[in-house]
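Participant: For reference, the chains in residue letters:
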Amino acid sequence: MIDFTRYVGPKMGGAFNKLLDDKHSEHLGIKLDTPFTRVLVLLILGAACVGGYRIIFGLGASTNMNDYWPWGLWIAFDVLGGVAMAAGAFMIAGAVYILNMKKFKCIARASILNAFFGYLLAAISITFDVGRSAVIWHPLIMWQINSVMFIVALHLVCYLTTLATESSPMVFEKLGWHRTLKFLHRIMVGAVMFGVALSLLHQSSLGANYLILPSKLSPLWYNKHIPYMFLVSALMMGFSMVSFETILTSKVFNHKASKAVIEGLAKGILCFGCLYFVMKTVTIISGPGLGALFNNGFLGFMWLLEMAVGVVIPILLLAKRANRKDIDTVFVVSILVILGVLLNRLNVGVFGVSDYANRVGSDYFPSIMEFILTAGMIAFAILGFKLCAKYLNLFPETEH
Amino acid sequence: MTISRRGFLKGVTGSAVALAAGVPSVEAKMSTVLPPEAVGLLYDATLCVGCKSCMVNCKTKNSVPGGALYKEDLVTGVVDALICKKSEQTEPMAAPPYETGSIKGNEGIWDASQDLSGKTLNIIKAYRNGTGEKKDSPTNGHAFFKQQCLHCISPACVSVCPPGALLKDPKTGVVYYDAYRCIGCRYCQLACPFNIPRYEWDSAWPEVRKCQLCRHRYKDGKYAACAEYCPTGATIFGKVTDLREEAKKRFAMKPGAIYDFPIQTFNSRETTSRPVAAYADKVYGLTEAGGTQNLMLSGVSFELLGFSKNIPDGALPDLTWAYIAKIPWVFLGVAIGGTTLYAITHRKSSDSKEKGGHQ
Numbered sequence: 001m002i003d004f005t006r007y008v009g010p011k012m013g014g015a016f017n018k019l020l021d022d023k024h025s026e027h028l029g030i031k032l033d034t035p036f037t038r039v040l041v042l043l044i045l046g047a048a049c050v051g052g053y054r055i056i057f058g059l060g061a062s063t064n065m066n067d068y069w070p071w072g073l074w075i076a077f078d079v080l081g082g083v084a085m086a087a088g089a090f091m092i093a094g095a096v097y098i099l100n101m102k103k104f105k106c107i108a109r110a111s112i113l114n115a116f117f118g119y120l121l122a123a124i125s126i127t128f129d130v131g132r133s134a135v136i137w138h139p140l141i142m143w144q145i146n147s148v149m150f151i152v153a154l155h156l157v158c159y160l161t162t163l164a165t166e167s168s169p170m171v172f173e174k175l176g177w178h179r180t181l182k183f184l185h186r187i188m189v190g191a192v193m194f195g196v197a198l199s200l201l202h203q204s205s206l207g208a209n210y211l212i213l214p215s216k217l218s219p220l221w222y223n224k225h226i227p228y229m230f231l232v233s234a235l236m237m238g239f240s241m242v243s244f245e246t247i248l249t250s251k252v253f254n255h256k257a258s259k260a261v262i263e264g265l266a267k268g269i270l271c272f273g274c275l276y277f278v279m280k281t282v283t284i285i286s287g288p289g290l291g292a293l294f295n296n297g298f299l300g301f302m303w304l305l306e307m308a309v310g311v312v313i314p315i316l317l318l319a320k321r322a323n324r325k326d327i328d329t330v331f332v333v334s335i336l337v338i339l340g341v342l343l344n345r346l347n348v349g350v351f352g353v354s355d356y357a358n359r360v361g362s363d364y365f366p367s368i369m370e371f372i373l374t375a376g377m378i379a380f381a382i383l384g385f386k387l388c389a390k391y392l393n394l395f396p397e398t399e400h
Numbered sequence: 001m002t003i004s005r006r007g008f009l010k011g012v013t014g015s016a017v018a019l020a021a022g023v024p025s026v027e028a029k030m031s032t033v034l035p036p037e038a039v040g041l042l043y044d045a046t047l048c049v050g051c052k053s054c055m056v057n058c059k060t061k062n063s064v065p066g067g068a069l070y071k072e073d074l075v076t077g078v079v080d081a082l083i084c085k086k087s088e089q090t091e092p093m094a095a096p097p098y099e100t101g102s103i104k105g106n107e108g109i110w111d112a113s114q115d116l117s118g119k120t121l122n123i124i125k126a127y128r129n130g131t132g133e134k135k136d137s138p139t140n141g142h143a144f145f146k147q148q149c150l151h152c153i154s155p156a157c158v159s160v161c162p163p164g165a166l167l168k169d170p171k172t173g174v175v176y177y178d179a180y181r182c183i184g185c186r187y188c189q190l191a192c193p194f195n196i197p198r199y200e201w202d203s204a205w206p207e208v209r210k211c212q213l214c215r216h217r218y219k220d221g222k223y224a225a226c227a228e229y230c231p232t233g234a235t236i237f238g239k240v241t242d243l244r245e246e247a248k249k250r251f252a253m254k255p256g257a258i259y260d261f262p263i264q265t266f267n268s269r270e271t272t273s274r275p276v277a278a279y280a281d282k283v284y285g286l287t288e289a290g291g292t293q294n295l296m297l298s299g300v301s302f303e304l305l306g307f308s309k310n311i312p313d314g315a316l317p318d319l320t321w322a323y324i325a326k327i328p329w330v331f332l333g334v335a336i337g338g339t340t341l342y343a344i345t346h347r348k349s350s351d352s353k354e355k356g357g358h359q
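Chain order of the listed sequences is A and B. Under my numbering, the letters of the first sequence match residues 1 to 400, in that order. Under my numbering, the letters of the second sequence match residues 1 to 359, in that order.
Heads up, some of the hints might be wrong.
[Claimed, not checked] Dumping the calculated EDC-like pairs for lysine to aspartate or glutamate here, alpha-carbon to alpha-carbon at most 16 Å:
#1 A/K224 x B/D318
#2 B/K125 x B/D115
#3 B/K309 x A/D355
#4 A/K18 x A/D3
#5 B/K282 x B/E303
#6 B/K119 x B/E72
Simulated from the structure, these hints should not be mistaken for laboratory data.
For reference, chain A alone in the conformation it holds in the complex (with noise of 0.2 Å):
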């Protein structure tokens, strides 16, 4: 290892000593120079190159968006879904914190430290997508209340550093600063709590983004309910997500995952998954009408398709208790329910609005550079996590 303390000097190289001494985490055999690490950070450089590409050109050179498709894959799928991803953290961190639920304190860090990259992933991209990203924070000096962007905005910024403070223990304790950690013990419930109604919040306001569109997004999606749908549907996405997460870790970091959690995290993906599948049933048949999603063709087929692949096979599958104990099915229904929630939002975001746009003669699909800097964005938050758990102490009380 290199020792940091002959270059720069005795302070700050003993620190950088103390976060890249992975002795803890040597029994999980991260290694970094693989092939997929190579790979992702390639693709972390092509989105770089993307994005600088982006700022001095403009969006126009770059993304396939126009004036009738002003939001795409960008908005669509690393802000919403980035996001919905990350609703794990805030259920985790909740039961451990402020329930008390200790069955659950091993996945804890994990599961914030996921959601914080996710939320780093929508942010990031978000940066890229706005016109002018040099002045992106403006909102945060110029409050307009009845934006439910504006509102996205500071629940983004706020969100972010909730989370970064959550995590930020693990760092601490490389660096042995016992104060700073006592101080953020004494703090943590109460940051947790603000966690807790940040994502509340911020999970439903992306859908309140569209309330607004009864006439541009399609009656498939469209219903005044949709903040309380994409909250539903994120949090049964965030346990997805955890799980998906720690049997990942599990099987490609020796470490073993413990059955109880992963069985308590299938009870909740069953749970949210019933309760989206009634609203989704309920507003489908009071709003268009059940003749609707065969009559709309393309549309009424992503529909379908989205809540075959998100609700109701994993439901299916979550039915029978013993396959809640079965990691293996528990992560065939993870990576389901993700992929169905994701296509929720490409749903919402790009195809439903497809009628509208259509219908004056225009059309969209993501420019090569979109799909490059989406590529790299989801890299950046794989290597990331993966850094993390290699330099960081991320699985704390677990069995290996």
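Starting from the known structure of chain A, arrange chain B on it as the hints suggest.
Facilitator: Same frame as chain A, now just chain B:
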């Protein structure tokens, strides 16, 4: 330790209560009432001959400092936004932003707008059916129609703009744009039911473009250029209350009756005498999205002209306000609920610990 934690929890609850009490007191809900001095346009498609004089003059009259098509140089634009200040616009533009319309041989020497865009605030389009002979007839006829910002009484674009870059003038009711505030999220484009705001997609420091009813010309006693340069009186400028009466009057008149149509403005002394055409449908703009300041009349129904048919009658910002008004209560609810749950779950555990200790 217990005491300090309890004290801390009290602090959390206290601040949440303060937050919840403070936010609703901000009277921020968007107004749904027409400002008494509001101005607007009345466009009567049956008078329009499609000369596009309004488009030409819209472009030139707005490409001056203060105009809706005026573009600062890149450095000024970026600096203004960074220091959050609008600088004085004095430097004249080299040329109005003409569009080539992808026409061969047109190297920006004449304007060939195809649609509203980041360079075009106002456009006359044609409807044509069958032989196209009869004017203002839906079958075998033709008609002209005008697209531009309608200046909603309760504008969705203003309500959704996160930094408040789109604003509604409290006096004239004109919906205008302050570029230095804009972050470029394009939520206004998504939210506008009429799909009016357009974006400068090609620019590295883009602006949102829409008609601002020539508000920069009022101080010189002038008014909207499209009305001033309309030779037939198809577009007239005036107070919205007057224009509403005028539009309803025309709509109710018997087709063929001779009427003196005012030219340029509602109060104009100059008029043109001609028979009233058969109006179709309705006066557009009385109820759409809560009502608009610009009104339209047409001989061909607005749906056939391509105007969206499912625009709701109520003010759109109300749809989101119902949600936003609940936010403080979520903070309050989580603070109280969370604190209670915390107290319950942690008392149990400390009890069991004590019991465990005694055993």
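Participant: Confirm or reject each hint.
Facilitator: Hints and how they fare:
| no. | hint | result |
| --- | --- | --- |
| 1 | A/K224 x B/D318 | holds (12 Å) |
| 2 | B/K125 x B/D115 | holds (8 Å) |
| 3 | B/K309 x A/D355 | holds (13 Å) |
| 4 | A/K18 x A/D3 | holds (10 Å) |
| 5 | B/K282 x B/E303 | holds (11 Å) |
| 6 | B/K119 x B/E72 | holds (14 Å) |
Comparing the model with each numbered hint stated earlier shows that all of them hold.
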